[in-house]
Amino acid sequence: MEQTICGEAFWQRLEEAEKEFQQKKDRIAWFCSYTPVEIIASCGLHPYRFSGKEGTSFYADSFLHSSLCFFVRGCLERVLKEEEKSLEGVVLVNSCLAMSHFYYALQKYSPRSFSYLLDLPRNDSQPAREFWAQGLRKFHRALSEYRGVESTEGALWEQIYLYRENRRRLQGVYLGREDKVAVDGHEFIRLVEAFTILPPADFQEFFHTYYHDFLHKKKDLTGPRIFLTGSAMPAPLAKLIHGLGGVLVLDDLCIGRRILQFTAEPEAGEDPYSFLARQYLKREPCARMNFAGENLDKLEAMLKKYHIDGIIFFYLKFCDPWYYYGQLLKEKIKDIPVLILEGEYSSETGTGQMRTRISAFLEMIR
Amino acid sequence: MLELIKKYINREKAPEMLRWPVIYTLGQAMVRSNLLRFPYRATALMVEYGLEETKKVYNRRLPFVWTSAFFPTELLHALGIPIFSPEVAAALAASFGFQEHFLKEAESRWWGRDNCSFHRCAIGGLFSRYYPLPSAFCASSHLCEGAVLMFSSLARVYNRPFLLLDVPVEQDDDSLSYVTGQLWQIISSLEEITGISFQHEKLQEAVANAEGTRRVLQKINELRLHPYSPFTAKEAFNFLYLNFTGLGSRAMLRVYETLAKELEERIRENNTFKKPPRFKLLWLHLPPFYRNNILEYLEEKGARVVFEEFNHVYWGAMDASRPLESIAGRMLSHFSYGHISRRIEIIKELAAKYDVDGVIHFSHWGCRQSCGSLRIIRDSLQKEGLPFLVLDGDCVDNRNYAPGQVQTRIDGFLEMLG
Ligand code: SF4
Ligand code: SF4
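For the protein sequence lines, the chains are A and B, in the order given.
Counting in our numbering, the first sequence tops out at residue 366, every number present.
Counting in our numbering, the second sequence tops out at residue 418, every number present.
Because the hints were derived from the structure by calculation, they are not lab data.
Some hints here could point you the wrong way.
In silico negatives: residues of chain B with every beta carbon more than 10 Å from chain A [as the list claims (entries may be wrong)]: (1) Y40; (2) L62; (3) G146; (4) L149; (5) S153; (6) V157; (7) T194; (8) H200; (9) S229; (10) T258; (11) H285; (12) G372; (13) Y401.
Distance condition first, Cα-Cα at most 25 Å in a straight line; then the derived SDA-like pairs of lysine to any residue [stated by the list, open to error]: (14) A:K81 - A:S67; (15) A:K53 - B:R375; (16) B:K104 - A:E270; (17) A:K334 - B:S128; (18) A:K81 - B:K348; (19) A:K138 - B:T25; (20) A:K108 - B:S333; (21) B:K348 - A:P111; (22) A:K332 - B:R129; (23) A:K108 - B:K219; (24) A:K317 - B:H285; (25) A:K330 - B:Y158; (26) A:K138 - B:R375; (27) A:K332 - B:S108; (28) A:K108 - B:Y158; (29) B:K348 - A:S110; (30) A:K239 - A:D61; (31) A:K108 - B:R129; (32) A:K138 - B:V169; (33) A:K138 - B:D174; (34) A:K108 - B:R378; (35) B:K383 - A:S62; (36) A:K282 - B:K383; (37) A:K332 - B:K383; (38) A:K330 - B:L391; (39) A:K334 - B:R129; (40) B:K219 - B:I267.
Since the structure is predicted, the reported quantities are computational estimates derived from the model, not experimental observations.
For glycine and all other residues, C-beta sits at the position ideal for the given N, C-alpha and C.
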């Protein structure tokens, strides 16, 4: 049943490259997909997406309250561990209360030479964009000062274009999936992960190889067509759905397609901060945004275009934004079956039960 | 009498009575005729005001809104729009003993038990149509994220407008102008929704009321420093209804002015009912609102809660000639919002001011805001040599309340104090 288009060797090489990169100095860890990686890169640092340690009970639990989501607790666990000592700094966003508390805990129990909390608005109005642009400007100033470099707007534009190019490439693989699908979506999620870890040039090389194979792959997948959405989730979940016979056609994840929507051109005279602010705020929103529910009214029609047979919605226990979003999803979607999974940030403990529930769901919609 | 009423209405179908405006008229008559007795004239005034406001809401003649706990009510008092606070209603439901009815209603519709029970209660209350459906849902994003999420969800389910005040964590000029701009926007949306036109003088009046209230609250807090202050934490928690719904109203100002006078009188007459405690304590977050004896038990053991962080006047003077900036400033200055060090500083300040022997944090299950950084609070207070007790519990949902366990923890804590 499992079918990869590039073979294990490709994924192994990718993993090795990521591991190697994780040894590098000058890494700035980021956690939320609203983090302006372009600014970090323009200061000569390596933005590096950090995912939590999987599991359900941590040493870090004594530092963060047990009613905060497993993702932030797992992240704190990893940061506190010896191997992450080489991290130069951390950049967080006040995405949710859990993230804010995580930031305070990091500052207190694992201080880095640079740590920053970005103040992300919840609206996409013009004043919100201006506020966010101003916040990005301050962040750029703070990071340049810390780094002792004069990072210009020109340098920032360069990074914006570099990252945008990779986003465009990745967006390309998601196109044309309305009917037949030759590649399961979990591979794209894995590629997006690589995009958030590796430096843009290294990623491009991997992508190039992948794309070559991809173009020549023609065999269509069969099975119930799935749309996957929800909060941060353990990486193996998407692969598990595929392993159980589902075909992941589309996702709406910040570890997947949602992070790629930065393809517009700047407007005449627009400065890089306003451009970034506009791009980050207008993309399909995460559940914490005020306008997150708006898309739900259009979602079902869109999913029908993609012939989706079932929606799998996953949220982490104790995650309020996605919990409320899930309730709304259930309320709004009338014709497509929805499977709601509440879980931990763990591929091991959760999987037994997850496996059974996903199998039953796939069976039902087959 | 109140106990009798509580006993009577604590029946299966009792929540239904919530919807009858006549109940509130009856309540008002009972307050006026002294059939319902309160420890302070101010309490009676507050109850009467609360009944009047709730009656307006259930009369359904005027458009009204739901507001979250920290939404700037000055705007609504300026426009004359009645307010329904689902969180206060949850606390009240718990105090009358029918919260379980609402909680179960929410849980029967797949709403789990991991989020805040103030909100679960509100969801159940609205779904079962005991809570009134408003013309709009108004929430502010500072402190309580759950309210924002719940209000916006309900607004979508019921197809009503949701007005969000998005409050940044940084306290600077950029944040101030961002919040001020939104306040204007919210006013014009409210005008559109309710058909009520905004008058600048009314807003100035509301801000002047809020400023008057701020001053008198400060005075009350000073009076509470007095060794013979008769004002207990239990009474102080009752007045929180006003803090969450009344700021900007003439009524709140009047209630607190009355309270300040009464406290002064009683202190002057040295009319104290209680001897000074062995231990003075500071209370963090809210208490449970269902029947419980935590405060009484403390008192029994010689310890008294002398102040609560929720009654701290955190905001600076408000200027009625710059009303929206003043409101925005108030929103941004909340000590419990933004970096945790802000809350810790205030805790230390209050602990010193009220000369307390220890601090109790009632950790309400599901409140990410108040519980998230407990460890940091504990470590910081420990450094100051301030004993700190965490009581895990729930303010509304009493199903896991185990009085014996709570008492054991309190005993251990007091033993440590001396
Ligand atoms: S999973 Fe939810 S609670 Fe956790 S960090 Fe993400 S949005 Fe916040
Ligand atoms: S207890 Fe916490 S989560 Fe609940 S309403 Fe209050 S601030 Fe919000």
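Quick rundown of the hints versus the structure:
no.	hint	in the structure
1	Y40	holds (36 Å)
2	L62	holds (27 Å)
3	G146	violated (6 Å)
4	L149	violated (4 Å)
5	S153	violated (5 Å)
6	V157	violated (6 Å)
7	T194	holds (21 Å)
8	H200	holds (21 Å)
9	S229	holds (34 Å)
10	T258	holds (37 Å)
11	H285	holds (13 Å)
12	G372	violated (3 Å)
13	Y401	holds (17 Å)
14	A:K81 - A:S67	holds (22 Å)
15	A:K53 - B:R375	holds (21 Å)
16	B:K104 - A:E270	violated (53 Å)
17	A:K334 - B:S128	holds (22 Å)
18	A:K81 - B:K348	violated (32 Å)
19	A:K138 - B:T25	violated (56 Å)
20	A:K108 - B:S333	holds (23 Å)
21	B:K348 - A:P111	holds (23 Å)
22	A:K332 - B:R129	holds (20 Å)
23	A:K108 - B:K219	violated (36 Å)
24	A:K317 - B:H285	holds (23 Å)
25	A:K330 - B:Y158	holds (14 Å)
26	A:K138 - B:R375	violated (30 Å)
27	A:K332 - B:S108	holds (18 Å)
28	A:K108 - B:Y158	violated (43 Å)
29	B:K348 - A:S110	holds (24 Å)
30	A:K239 - A:D61	violated (28 Å)
31	A:K108 - B:R129	violated (46 Å)
32	A:K138 - B:V169	holds (14 Å)
33	A:K138 - B:D174	holds (11 Å)
34	A:K108 - B:R378	holds (12 Å)
35	B:K383 - A:S62	holds (17 Å)
36	A:K282 - B:K383	violated (45 Å)
37	A:K332 - B:K383	violated (51 Å)
38	A:K330 - B:L391	violated (35 Å)
39	A:K334 - B:R129	holds (23 Å)
40	B:K219 - B:I267	holds (13 Å)
Hint check: violations occur at hints 3, 4, 5, 6, 12, 16, 18, 19, 23, 26, 28, 30, 31, 36, 37, 38; the rest are consistent with the structure.
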